[in-house]
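Student: Below are the chains, spelled out letter by letter.
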Amino acid sequence: MTLKKVIETKKLSRIFKNGDIEVQALTDIDLVIEEGEFVAIMGASGSGKSTLLHIIGCLDRPTSGAYDLGGIRVNTLNKNELADIRNQKIGFIFQSYNLLSRTTALENVELPLVYDRTGKFSNYEKLAKKALEQVGLADRIYHKTNELSGGQQQRVAIARALVNNPALILADEPTGNLDSKNSIDIADLFVRLNNEGKTIIIITHEEEIAKFAKRMIYLRDGRILTDEIIKNRSTKESALKELEITT
Amino acid sequence: MTQFFKLFKVAFQAINKNRSRSLLTMLGIIIGVAAVIMTISAGEGASKQVRDQISGLGSNLMMIRTKTEHRAGVNVRMGRPLDKHDYEILKKNAVWMPQLSPLVALGAQVIGPDGNKSSTIYGVSSAYFNILNRDIVLGKTFTDEDVKTANKICVIGETIREELFSGRDPVGSQIRINKVPFTVIGLLTAQGQGVMGQDQDDIIIAPYTTIQNRLYGGTEYNMIMASATSENAIDDAKFEATILLREAHKLLPDQDDDFDITTQLEIQEVSGSVMNILTILLGAIGSISLIVGGVGIMNIMLVSVTERTREIGTRLAIGARESDILTQFLIEAISLSLVGGIIGIILGILGNQLVYKLTNFIIPTSVSSILIGFGFSVFVGVAFGYFPARKAAKLNPIDALRYE
Ligand SMILES: Nc1ncnc2c1ncn2[C@@H]1O[C@H](COP(=O)(O)OP(=O)(O)OP(=O)(O)O)[C@@H](O)[C@H]1O
Ligand SMILES: [Mg+2]
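Protein chains in written order, with numbering that gives the first Met the number 0: chain A, 0 to 246; chain B, 0 to 403.
In isolation and in its complexed conformation, chain B is listed as follows:
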């Protein structure tokens, strides 16, 4: 133990004697660690954000649409549009999809007491709020009764409140949607930007019956939204919907479906794989900076091998054992790597914060990036500090002294 303590002192003397070499070694490690933390964190941060937003929509979500095909640059509807008939069959017979809502979307001009705005009106049933996990902060949502009687009521998003009510409490007030007066009965909890950067609070929700009767005139739905009983039930729900709709549309066995069912899981998978590519890409950039840092460390170590081999020769000549040399060099390498690594971690975290300040893009520093960056740099630092020393320590003292 006292021998170890003595060697500790020797190691720190050596670090101190060769300050520029020590600093350069640490610099290589600092750059490597900080770069890896920033790049990997950015990748993971981006994919986490997207994943959160998608799964925020509810993982049991299903969207049933009329089949479209992309022909000559335009989407052409291939089948019968979905309507009340389909909705009612699903509602009556489906056991895996307790929550169902038609969706009729319409762009419209809305006028409120403090301003006006063009926005999108969604006509839905009361189940919509459950299906999409949307909550109310003020007032209430509408009921099945409201839908049945096609009441002229609506729930609005935060952006609409800002524009039409200057942020005041809108509940009970009237707004005009394409000149038709609606009473605001509720305010949605703000959700901010969506996956594609759209404003999820620029929204007005009303009973679909009201929209169809008062604003739209048609009987078609844009889609039917549904929520399966659980995530595991999604496949069953999809199968059930297919059977029911094929029957409703009187399709023959050799005919293709004339509708499309997209589940939330499928969306998650697609975006997940896109994000994985992003993470891999950023990881690759990070690896390059690691290699650059590593080569830097290697260079410094190799340049100093001659001097250090002579030093080792001197120490051996006056009676140091091989293990004394190895312990000293290990202490040196580990200390430099640790200090450099810790500074690198701090700089990486500060760097992430700086990116946040500059771009508003939140990057949570990922633990795995710290582990990867730190682990690799410490490995390189120790490997290139230790292994040349080990080679030299095995020489005859006189050969180490003569080394060129």
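The shape of chain A in the complex, shown without the other chains:
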């Protein structure tokens, strides 16, 4: 059985220039991720995890190298095509949420549907409510973002990434602001989404969360240090049991 390559990068580099100072955030990243994979990216702070995920999510462009997404050479696409890819194919969860302020959870989650041009969604509110239910926020849908805790905002951000049912979900520390119990719930949600066929990439600092994934990539100084299959994956039950032991 040959799986379709969802992501393929060749010698991907990203250099940030601020005046005279150059920061080489990514160097020669060669990476292939296939359909249905669940990848965890780890690495020290500043190792380039977010930068890599932004490029994969078509939010940023590489300085050099090639990037193919679903067989399409992203480097050659124009802005509108990139916008449509972000809208239809990718659900992105930011490290800092990036929700609209003074706006309700529901309206935030509806937003990707507003920019949908395929016309395949009709009842925005119903879809948004369903996504909020999935992340366990059914009772907070009319709260404004500034009335929610950090963890709740994070879950709104996750719901927003799920609402338009994208094939690829990218999450930058999706459990960074949650306690262990909630982190496990979210990790389990990703597992379920992955079982439904979605390709998922998450960045995390926590080994316990990373072990829910099928594959782990370790970055150091903008390069891939290790890239291996996770042998004994965690499940919700095993993780909860371990949580009980340690506490």
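Derived from the structure by calculation, the hints contain no laboratory data. Values in this document were obtained by computation on a predicted structure and should not be read as measured data. Heads up, some of the hints might be wrong.
Calculated pairs, BS3-like style, for lysine-lysine (alpha carbon to alpha carbon, straight line, at most 30 Å) [said to hold, decoys possible]:
hint	chain 1	residue 1	chain 2	residue 2
1	A	K125	B	K8
2	A	K10	B	K393
3	B	K5	A	K125
4	A	K143	A	K180
5	A	K143	B	K16
6	A	K129	B	K5
7	B	K5	A	K143
8	A	K129	B	K16
9	A	K119	A	K197
Guided by the hints, dock chain B with the ligands onto chain A, whose structure is given.
Tutor: Quick look at chain B with the ligands alone, frame taken from chain A:
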């Protein structure tokens, strides 16, 4: 179209979410528009009023006077006074000035049945009423026959009627002017205040012959008034009068005119340019308020650029196209500017009305002031709402999200 409708909703949500920013933006526009409307209208209103009054006198009007020169603070008469001789030469020979009237003015005490008053008596010919476009509401004007026989009759203005007759019908009654009895034969249509604020209805008009014979004794005229055949004929009429009077006064070619001819057009031009200066001045004040309003709008927009750039980054990140962002911001800016502009227009018109209530000075709200004020404010509102957004929408989503 449905995309446009969705963006419309997004834009109104955004306006609603940032109520204080939206209100402040509108306030800048409201102040700008209202201030411009009030100042420009005031300028245009004042100059229109003056222009109307001057042209109400008849645009063909000419006034021929003895030349005077200003010497050591007093007006000194330089030439021969104008008299019957000049008048008759003009009357007999002029073709461009069919209407001619001498004018002899005299301050006098007038006594009527209900009161007395000191006023000005004008001695004129029957042509005077045509030359100055003055109409009669009651009775009639006098005829050439009355002038020839120096009848003791007169036409009076509304103010005189009020003072001397308590507003009753004066026609047929007698009044005494410096003790000489005159019969009132007509009442002039009221004209109100003149250009210089004088009361144009405080007036008594009688045949100049009567005034000269009964009240004055002299043979000189204060001036000869004339009306050219048309506005275009004024230059010809002026030239003709000059030739005729120079001949009458036996002036040699190297001698200067000893008379002055002022035409209505010249008066209009002078006062017109004064009024233009006034309008420009008020316009300048209006422009300053526009700039103040504009800077206010600019400030609010620039202060919110950081927040809005992040918002734009968020929208781009979840798949908004550049054009979606631009449409949203354009709708926001245009809506705020339009609503603010309309409120500003209403306030400006109400403001003009308030000025009228307080000062009795009628300010017709000028259309050009509405267009200028509205146009500029909407331009500023849209420019400062739209262009920062356009800049942000062109960024990589991640750069817009990181904007500080
Ligand atoms: N816009 C930028 N301009 C300049 N340098 C940048 C920019 N973004 C990231 N960098 C640099 O690139 C490097 C990688 O940053 P990145 O955010 O990818 O790290 P990270 O692995 O996500 O770290 P963390 O775990 O703290 O989130 C860092 O050295 C950072 O300083
Ligand atoms: Mg990061």
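Student: Would you mind marking each hint as holding or not holding in the structure?
Tutor: How the hints compare with the structure:
Restraint check for K125 of chain A and K8 of chain B: the C-alpha separation of about 18 Å stays at or below 30 Å, so the hint holds. For the proposed pair K10 of chain A and K393 of chain B, the alpha carbon gap of about 27 Å is at most 30 Å, so the pair holds. Between K5 of chain B and K125 of chain A, the direct Cα distance comes to roughly 17 Å. Compliance with the 30 Å bound is thereby established for this hinted pair. Among the hinted pairs, K143 of chain A with K180 of chain A is consistent with the structure: their alpha-carbon atoms are about 24 Å apart, no more than 30 Å.
The suggested pairing of K143 of chain A with K16 of chain B holds, with an alpha-carbon distance near 11 Å, which does not exceed 30 Å. Using a Cα cut-off of 30 Å, the hinted pair K129 of chain A and K5 of chain B holds, with the two alpha carbons roughly 21 Å apart. Proximity of K5 of chain B to K143 of chain A is assessed by CA-CA distance (about 21 Å); at most 30 Å being required, the pair is judged to hold. Among the hinted pairs, K129 of chain A with K16 of chain B is consistent with the structure: their alpha-carbon atoms are about 24 Å apart, no more than 30 Å.
Between K119 of chain A and K197 of chain A the CA atoms are separated by roughly 19 Å; this keeps the pair inside 30 Å, and the hint holds.
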